[in-house]
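So the chains spell out like this:
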Amino acid sequence: MLTNQEQLLSKIASNDGHGENSAFFDGWKAYDSDPYHPTQNPNGVIQMGLAENQLSMDLVEEWVRNNPQASICTPKGASQFKDIAIYQDYHGLPEFRNAVARFMEKVRGNRVRFDPDRIVMSGGATGAQETLAFCLADPGEALLVPTPYYPGNDRDLTWRTGIELIPVVCDSSNDFKFTRDALETAFNKAQESNTKVKGLLLNNPSNPLGTVLDREALSMAINFINDKNIHLICDEIYSATVFDEPGFISIAEILQESPQTNPELIHIIYSLSKDLGFPGFRVGILYSYNDAVVSCARKMSSFGLVSTQTQLLLASMLSDEEFLEKFLAESAARLCARRSMLCQGLAQMGVGSLKGSAGLYCWMDLRRLLKAATFEAEMELWRVIVNDVRINVSPGASFHCSEPGWFRVCFANMDDETMRVALGRISKLVMQSNKNSESRKPCRRRSKLEISLSFRRLDEIMMSPHSPMTSPLVRART
Amino acid sequence: MTISKKAACNSHGQDSSYFLGWEEYEKNPFHESTNPNGIIQMGLAENQLSFDLLESWLAANPDAASFKRDGQSIFRELALFQDYHGLPIFKNALAQFMAEIRGNKVQFDPNNLVLTAGATSANETLIFCLADPGDAFLLPTPYYPGFDRDLKWRTGVKIVPIQCTSRNGFRITSSAVEEAYKLAQKRNLKVKGVLITNPSNPLGITLSRKELNLLLNFVDKKGIHLISDEIYSGTVFDSAEFVSIMELLPNRNNPQLMNRVHVVYSLSKDLGLPGFRVGSIFSNDRLVVAAATKMSSFGLISSQTQYLLSAILSDHVFAKKYVAENRMRLRNRHAVLVSGLRRVGISCLESNSGLFCWVDMRHLLSSDSLEAEMELWKKVVYDVGLNISPGSSCHCAEHGWFRVCFANMTEDTLDLAIRRIKSFVDSISPIKNCRNSRSKSISKWVSRLSFHDRECDR
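These protein sequences, in sequence, are chains A and B. Read in my numbering, the first sequence has 194 at position 194, and its numbers run on one by one without any break. If you count the second sequence from 1, you need to add 1000 to reach my numbering.
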């Protein structure tokens, strides 16, 4: 029942579409009220729920220091201040768009070309997602999204747009890969409820899985949308966080190889927040092969343009080929090493995680720690992890995962020492849980198959020839 | 495959003459040396008069300007800062700056400030928070053409005009407001509020206490919202003449009303920094602040920009000096245009603010009609070589008024523009006698104009 005050606001402002009333925000609140600090607050909550890339900030900082002309504020750059400060053309600085296009090509091994005129700015990927939803769908229409998916999608795609997200259910039986069947099921479900599906949203590399889509999956997706004549939105925000095989294949490459696909159905979302690690600068990019969408999105970009001060800085940084080569390689190596540290640490305590080659997090398997295979049990375990173990991780339910027991754990937003502390705490949790399950009657019999599957993953992690523990970059640094 | 209705229609308003003039300018832009016969841009309300002050500040404050605090680099913290509550030092500095502009007669609590990517985003966000699709907001005419996009396009909200005319200097009257409300009711539209721009764009006048009070009385009576877009508040030539809506609220002792009055601000006009995308919403209603803050995720201000501006605005001595100097330069420039036009028999609405004049060219129309206004406008763009904004693009109820900007060029360019106008006025004989012979050559321009942007409103 709305109060009088709330009735003065719009429905959108009064409803929960922003998603922040969910119980999962309790983890953030716990962290905000008691953040870990190695010396000042060693018992505080360690933040492992934030997918930020802080591992290679020093490289970016060094570049900024060595390139004062890229900033309008320094004596070297000040002569550009006026022109940059008044530039509000929503096409964006040409040098910025060119640099972004070249950077995106580079991240894809120069296997594709991007037209700078198709690059549209937005208020972060958050803005890009919403803008695309406004451009492609009317209120009441729907987009299909494979689960588990980034919780922000609910707000970004549906809150103010009035559209619906329909989950394409995936599960661990095949490592959460989406199948043609699952796509068809979701599509048919929409049709049965008279909901018009306008597109399919993929996140590649995946958040929260940390995996990349292979050629087969991408081709299958492109065939599916082509058959149904619906749009395909590929959020490639983590494209340069790929640190291992299998490597990244962009939808742009598949499109190139599929002349029978209608390119007007294909759209890419990107941002510099994850790859380069500066979410504060709000650089979102929308790239579409559809002229009408580019035109409309560009007009809508007025609601979230990138500050020209930032455009200038990045136009310069992203044109520095030498810096980019070094940064991309080093960043990948550091992410790889850090992920291994986490996953191998977990493996040593008998905790598995989904094998992945990208992202700033891993998809941790805590199913055997659940009292029951239910989401209530997952929530209970999560509360223990946040309140007792003092780590904020993200429970699978917040990603609309169909199976309880999975958690996303971020690893790139802290230093090695904090990671060690976190692993120590998790190991205590596991040991405690082992003790509890020994003293408790088993409430659920795990099949031998499940047990051997989880150990298989551990083997993969430890024996992989691509294990970064053997990488010369890591050895050289230690 | 289809795209959305929003993408397919013209509600973005970009086919209007306001934007067409821009396109013509882009094709043939004036440049003192390389294109002296090009079109002079007088349709862009930008403030380029006081950059030197900002540039000297930057030169004198290298540390603050280059991501350093106390000699230490804070690049990392800024790069990671994406909290939609905004950088506290910036919000504090912005709140103080806003108060300074209002002669400190009003204080703004930074906790009630929401940061957005420009006033464009602030206005849209506020409408999303206050109105549902199909609801309406009342706006006095003439109004900024961009409102058709910002307030209506993605929100699905309608605008119903409060008609103002030159009979009383385009002032807002009670009867005009009531009439607009009745019109909305007749069209079965639920009115959620009134939006005013104070100082006014395109009029360049500050709203009087009388107007502000009658609006407050109205929204109080109807239990609806009042949004005051005060983006030009720092461009008032004489600061004593600006009355912010916020000043009038405390005396009314009406907390419910206070919660329904919201202010929009931006640094694009006062500081001349439209490229940095710095907008804000101020509201006393914590629910509005909370909702708008969450929505600001779709258009946050770059943290490096927040930091740079917090450094500039926290220098209170500089900020005070800037505001005063900027006002004076705008006042002087305004006088140049007004007197230049007066000398050729063209008068302007008496104004005390803004980056433009509201120019009366009714006597140059071949007839009192929209077609005649468009005909004159095309002449001014193509023959005289000046991009000015026709009143119709601002939904003006009368024909023959044009908005002419004066702060986005050098004084020499402004003098040249005035000389061009003089030549034009001197060259034309009394319009009525020549009407017939001109109609053939003019018709080709008139037919180029279309009003498709109206279609989606029906």
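FYI, nobody ran anything at the bench for these hints, they're computed from the structure. Don't take every hint at face value.
[Said to hold, decoys possible] Under the rule of at most 27 Å between Cα atoms (straight-line distance), these lysine-lysine pairs were calculated in the DSSO-like manner: (1) B:K1182 / B:K1221; (2) A:K299 / B:K1005; (3) B:K1158 / A:K299.
[What the hints assert, rightly or not] Covered stretches of chain B (chain A as the covering partner; in silico rule of three or more C-beta atoms under 8 Å from a C-beta of chain A): (4) 1069-1076; (5) 1130-1136; (6) 1212-1218; (7) 1390-1404.
A virtual CB, placed ideally from N, CA and C, is assigned to each residue, including glycine.
The hints, checked one at a time:
{"no.": "1", "hint": "B:K1182 / B:K1221", "verdict": "14 Å, holds"}
{"no.": "2", "hint": "A:K299 / B:K1005", "verdict": "15 Å, holds"}
{"no.": "3", "hint": "B:K1158 / A:K299", "verdict": "19 Å, holds"}
{"no.": "4", "hint": "1069-1076", "verdict": "holds (count 3)"}
{"no.": "5", "hint": "1130-1136", "verdict": "holds (count 5)"}
{"no.": "6", "hint": "1212-1218", "verdict": "violated (count 0)"}
{"no.": "7", "hint": "1390-1404", "verdict": "violated (count 0)"}
Hints 6, 7 from the list above are not met by this structure, while the remaining hints are.
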